[in-house]
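Let chain L serve as the given structure and place chain A on it in line with the hints.
One-letter residues, chain by chain:
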Amino acid sequence: MRKKYDDKLAVPMSSMIDVVFLLLIYFIITQKEEISEAHLAINLPTPGSAKASESKPQLLEVEVYDGQYSLRGTSVSLATLETTLNSFRDPDLTVIIKVSISAKAQDLVNVLDLCQGAGLTKLNVVTLR
Amino acid sequence: MRNRGGDDLETPITSMIDIVFLLIIFFVVTAAVDKDMVDESIILAEAKKSPAVETNDPRMVTINVNQRGQINIALQPVTLNQLEQMLLALKIQAGDSLPLLIRCDGNTKFDYIDRVMQRAARVGLYRVRIAAMVEG
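Those sequence lines, one after another, are chains L and A.
So in the numbering used here, spot 71 of the first sequence is number 71, and the numbers just go up one at a time.
So in the numbering used here, spot 63 of the second sequence is number 1063, and the numbers just go up one at a time.
With the rest of the complex left out, here is chain L:
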């Protein structure tokens, strides 16, 4: 008699567990791989930037073409560019990145990434035509 009483009180769980597992599977399947993004900050040429500043800032010019890079007029590989940028390690250094219109976004990001790695934050992007 007592046993029967206990049985009646039990909540029917099996169907709920079924639904919970279905939900769990749904979430696992729809879960998107979280792509982590980096945001590389750059400065655009301002109309007033042509004026000569009193304290002459240190400048470095990097030119970016479609898959090619050049530093002070000589063509360099990405590895050479990296060692050169790393040799500066001066946060005040202004890097002027001249990008050809035929270059790809990946080429620009490669250079911006190297600058970020070298601790250079003053990055100006101008367009080569």
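One should not assume that every hint holds.
What the hints assert, rightly or not - Okay, the calculated bits of chain L under chain A, using three or more residues with CB under 8 Å as the criterion: (1) 11 to 22; (2) 38 to 44; (3) 84 to 98; (4) 113 to 126.
Claimed, not checked - BS3-like, lysine-lysine: derived pairs with alpha carbons at most 27 Å apart: (5) A/K1048 with A/K1109; (6) A/K1049 with L/K98; (7) L/K122 with A/K1048; (8) A/K1091 with L/K122; (9) A/K1109 with L/K98; (10) A/K1109 with A/K1049.
Treat the hints as calculated values from the structure; they're not laboratory data.
Ideal Cβ placement from N, Cα and C applies to all residues, glycine included.
Below, chain A alone, put in the same frame as chain L:
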């Protein structure tokens, strides 16, 4: 007799479970809408040394530029002129420090990105960010 009394005391949880599942479905549906604002067709350029961003500025304006140079903001296609109008309106609201993010495909020609940058500069927004994918 005792048995029948026990039956009456049982808590009716069926309706509560119904409501809980309805709530779950509501949250699932609304969360899915939120995620859809990212343009999936754009495969960002890869960055190896840059740190991933932890928090996004809520004011950030994201401009998507795909491989063919088509521009969209929150999946709404816009022309360059419309983009300039929008940026001008947003700049009046938020000021010069309005953060701009260009999400461009790794294979997008710089020509197309340059056109977007020119419009941003014309409006007076000189600081922009370029999104890149961080591996791992």
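Okay, the hints, checked on the actual structure:
no. : hint                 : verdict
1   : 11 to 22             : holds (count 3)
2   : 38 to 44             : holds (count 7)
3   : 84 to 98             : violated (count 0)
4   : 113 to 126           : holds (count 5)
5   : A/K1048 with A/K1109 : 21 Å, holds
6   : A/K1049 with L/K98   : 21 Å, holds
7   : L/K122 with A/K1048  : 19 Å, holds
8   : A/K1091 with L/K122  : 23 Å, holds
9   : A/K1109 with L/K98   : 14 Å, holds
10  : A/K1109 with A/K1049 : 23 Å, holds
Consistency note: the structure conflicts with earlier hint 3 alone.
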